[in-house]
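Novice: Given the coordinates of chain A, work out where chain B should sit on it, guided by the hints.
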Amino acid sequence: MRSAVASSAPARAPGHARDDGAAIVRIAALKKTFGDLEAIRQLSFNVGDGEFLSVLGPSGCGKSTLLMMVAGLIDPTAGEIRIQGAKVTGPRREIGVVFQSPVLLPWRTVLQNVLFPIELLKLPRPHYRRRAMELLRMAKIDEFAGVLPRQLSGGMRQRVAICRALVHDPNILLMDEPFSALDAITRDEMAVELQRIWQVNRKTVIFVTHSIREAAFLSDRVVVMGRRPATIIDELAIELPRPRAIAVTEDETFNRLVRHLRKAIEASHAE
Amino acid sequence: MRNNIGKYAATIGWPVLVTTLILLAWEISVRILGIRSIILPPPSAVLEAMAERRDLLLTHLWPSLYLTVLGFLLSVIGGIFVAVLITYSAIVRKGFYPVIVVSQVIPKISIAPLFIVWFGTGTMSSLLLAFLVAFFPMTINAAMGFESIDEEIHRMARTFMGTRWQIFWKIRMPNALPYIFGGMKISITLAIIGVIVSEFVASQEGIGYLIKLAGGLLDTPLMLAAIVALSISGLALYGIIVAAESWAVYWQPPPEAVGVGGG
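Protein chains in written order, with the working numbering: chain A, 1 to 271; chain B, 1001 to 1263.
Just so you know, the hints here were simulated from the structure itself, not pulled from any lab data. Only a predicted model underlies this, so the values are computations on that prediction, with no experimental measurement involved. Each residue gets a CB set at the ideal place from its N, CA and C atoms; glycine is no exception. Possibly wrong hints are sitting among the right ones.
Stated by the list, open to error - Not everything, but these chain B residues come out facing chain A in the computed CB check (under 8 angstroms):
hint: 1; residue: A1010
hint: 2; residue: I1149
hint: 3; residue: R1155
hint: 4; residue: M1156
hint: 5; residue: A1157
hint: 6; residue: R1158
hint: 7; residue: T1159
hint: 8; residue: F1160
hint: 9; residue: M1161
hint: 10; residue: Q1166
hint: 11; residue: K1170
hint: 12; residue: P1174
hint: 13; residue: L1217
hint: 14; residue: D1219
hint: 15; residue: W1251
Unchecked claim - Beta-carbon label-pair distances, calculated as ranges:
hint: 16; chain 1: A; residue 1: G154; chain 2: B; residue 2: Y1066; range: 24 to 32 angstroms
hint: 17; chain 1: A; residue 1: E119; chain 2: B; residue 2: E1151; range: 19 to 27 angstroms
hint: 18; chain 1: B; residue 1: D1150; chain 2: A; residue 2: T249; range: 28 to 36 angstroms
hint: 19; chain 1: B; residue 1: L1073; chain 2: A; residue 2: R137; range: 42 to 50 angstroms
hint: 20; chain 1: A; residue 1: Q42; chain 2: B; residue 2: S1246; range: 54 to 62 angstroms
hint: 21; chain 1: B; residue 1: F1081; chain 2: A; residue 2: G154; range: 49 to 57 angstroms
Said to hold, decoys possible - Example chain A residues on the side facing chain B (calculated, C-beta under 7 angstroms, incomplete):
hint: 22; residue: A29
hint: 23; residue: P117
hint: 24; residue: F144
hint: 25; residue: A145
hint: 26; residue: G146
hint: 27; residue: L148
hint: 28; residue: F254
The shape of chain A in the complex, shown without the other chains:
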């Protein structure tokens, strides 16, 4: 089901990080139905170790469902997901998740919220307390460590959520439209921040979004999902040098990538 637009595009990925031995996540013939509703028809792709991969698609195309299956929260109807060779059957320690909303616990301070996974996983607290403080420093919110979430802005709360997802040092970070509730200016800021944090930590990231710009700006590679029942309709490597400043979004190269992705999505709508 690969569109003609994709194969003729100049910026087409040269099979980057696909089917090579370095894949950390392998998704094969994945299918998910909810009763009569077919959410995901057929998905297969790999994610390379340390790769920043975006899954781009319109709202309600099953992107979040895909992510929840990778997180082990819901089971696929058919097909399988393997992480470091092991089949996913439930939540795993090497995964950190950032959700659409920060989902912080209102009775816990920022630091206590970041340490929440440590408590659940029963990891040694003193060691991870130091790590949590480092993460907060990196996210530039360390001065708010002792503050309750209600005193923070939306962007700051989402930074706390990112620190929480990273605290137990997972190999894989799953992000489900993490900036969609933020205003446009904060969104750009957060994208730059996330890139910086990612460059320091070098986790494998699967980033689900419906923002073409965001996907193009952040990713090494973008996988485009069509409308429900979802399949992959395109795939594009973003070979822009890092670190990328927000000014990159005004370059012609960047805009060509964005146009390419938009056409791919529009083509899927026309079908």
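Specialist: The following block gives chain B in isolation, referenced to the frame of chain A:
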């Protein structure tokens, strides 16, 4: 800060002013109209009775308060326990919960004479009635608190491999605290009613007994003195719960008007 104090003074000041005016009007009209003390004593006579009969009032107040607090505490423990069952057991939730809710229609006070038949005229009847009337709002509030956790928070905890036990203690319990305190505020007032009614029906001591006794003796000032003493005690118990709530539920911003709209 000064603004806050001003606001506080305003919320407290107006009700105090209105109460003072009502008492003043009461005092003056009773004196001018020459109403007999048996029918309606002036506030000054009630105060006088409270001062003179202090020992008698306290003797009867203590057992009532003791049973109220004990019945209340039992209802809190029992209510939370049953709420946990409702949360985790499908049988209890589907079978018993609706029955509990529907049984709310029964005016539980009407069971008081039955309790006397079963448990005699002693303290046991009062305690059980206090427990019974205070138990339901506790259970329903706590169950709501345990169940009202955000689906997203639940999912977040599951991605970090949280167990049911961890999710209960670290998420459901703190999440339910505001609801539990809401239930406590209703339950404490109901527990007082339960004890007093039981003492009305059959008892040899307690403030309810004293009110009934004073009524029989046509000692209206004593009757009103007992009612005032009971009200002050009830207000104090309620205040303790409000104070405990603002300490325990520290993460919620304080409501606009503190102490208004209680019960």
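Novice: Next, verify each hint and record whether it holds.
Specialist: Each hint, compared with the structure:
1. With its C-beta approaching chain A no nearer than about 26 angstroms, A1010(B) sits outside the 8 angstroms limit, and its interface hint is violated.
2. The beta carbon of I1149(B) is not positioned within 8 angstroms of any beta carbon in chain A (closest approach about 10 angstroms), and the interface hint is therefore violated.
3. Taken as an interface hint, R1155(B) checks out: its beta carbon lies about 6 angstroms from the nearest beta carbon of chain A, inside 8 angstroms.
4. Restraint check, M1156(B) versus chain A: the minimum CB separation of about 5 angstroms is within 8 angstroms; hint holds.
5. Taken as an interface hint, A1157(B) checks out: its beta carbon lies about 7 angstroms from the nearest beta carbon of chain A, inside 8 angstroms.
6. Among the interface hints, the one on R1158(B) holds; its C-beta lies about 6 angstroms from the nearest C-beta in chain A, closer than the 8 angstroms criterion.
7. Evaluation of the T1159(B) hint against chain A yields a held restraint, the C-beta minimum of about 4 angstroms falling below 8 angstroms.
8. Checking F1160(B) against chain A: minimum C-beta separation of about 4 angstroms stays under 8 angstroms; hint holds.
9. The beta carbon of M1161(B) is positioned within 8 angstroms of a beta carbon in chain A (closest approach about 5 angstroms), and the interface hint is therefore held.
10. This hint holds: Q1166(B) has a C-beta 6 angstroms from the nearest C-beta of chain A, less than the 8 angstroms allowed.
11. Given the 8 angstroms rule on beta carbons, the hint for K1170(B) holds: about 7 angstroms separates it from the nearest Cβ of chain A.
12. A cut of 8 angstroms between beta carbons decides the hint on P1174(B): the least distance to chain A is about 5 angstroms, and the hint holds.
13. The interface hint given for L1217(B) is violated, since its Cβ lies 54 angstroms from the closest Cβ of chain A, which is over the 8 angstroms cut-off.
14. Against a cut-off of 8 angstroms between C-beta atoms, the interface hint on D1219(B) is violated, since the closest Cβ of chain A lies about 52 angstroms away.
15. At about 4 angstroms, the closest approach between the beta carbon of W1251(B) and any beta carbon in chain A falls short of 8 angstroms, and the interface hint on this residue holds.
16. For the pair G154(A) and Y1066(B), the beta carbons lie near 51 angstroms from each other, so the given range of 24 to 32 angstroms is not met.
17. At about 21 angstroms, the beta-carbon gap between E119(A) and E1151(B) stays in the expected band of 19 to 27 angstroms.
18. For D1150(B) and T249(A), the Cβ-Cβ distance of about 34 angstroms falls inside the hinted range of 28 to 36 angstroms, so the restraint holds.
19. The beta-carbon spacing between L1073(B) and R137(A), approximately 46 angstroms, falls within the hinted interval of 42 to 50 angstroms.
20. For Q42(A) paired with S1246(B), a C-beta distance near 56 angstroms keeps the hint of 54 to 62 angstroms intact.
21. The hinted range of 49 to 57 angstroms is not satisfied by F1081(B) and G154(A), whose Cβ atoms lie roughly 39 angstroms apart.
22. Look at A29(A): its Cβ only gets to about 24 angstroms from chain B, farther than 7 angstroms, so that hint breaks.
23. With a least beta-carbon distance of about 4 angstroms to chain B, the hint placing P117(A) at the interface is held under the 7 angstroms criterion.
24. The restraint placing F144(A) at the interface with chain B is violated, with a minimum CB-CB distance near 15 angstroms, outside the 7 angstroms limit.
25. Given the 7 angstroms rule on beta carbons, the hint for A145(A) is violated: about 16 angstroms separates it from the nearest Cβ of chain B.
26. Checking G146(A) against chain B: minimum C-beta separation of about 13 angstroms lies over 7 angstroms; hint violated.
27. Taken as an interface hint, L148(A) checks out: its beta carbon lies about 5 angstroms from the nearest beta carbon of chain B, inside 7 angstroms.
28. Interface hint at F254(A): violated, since its Cβ lies 33 angstroms from the closest Cβ of chain B, which is beyond the 7 angstroms cut-off.
When held up to the earlier numbered hints, the structure conflicts with 1, 2, 13, 14, 16, 21, 22, 24, 25, 26 and 28 and fits the remainder.
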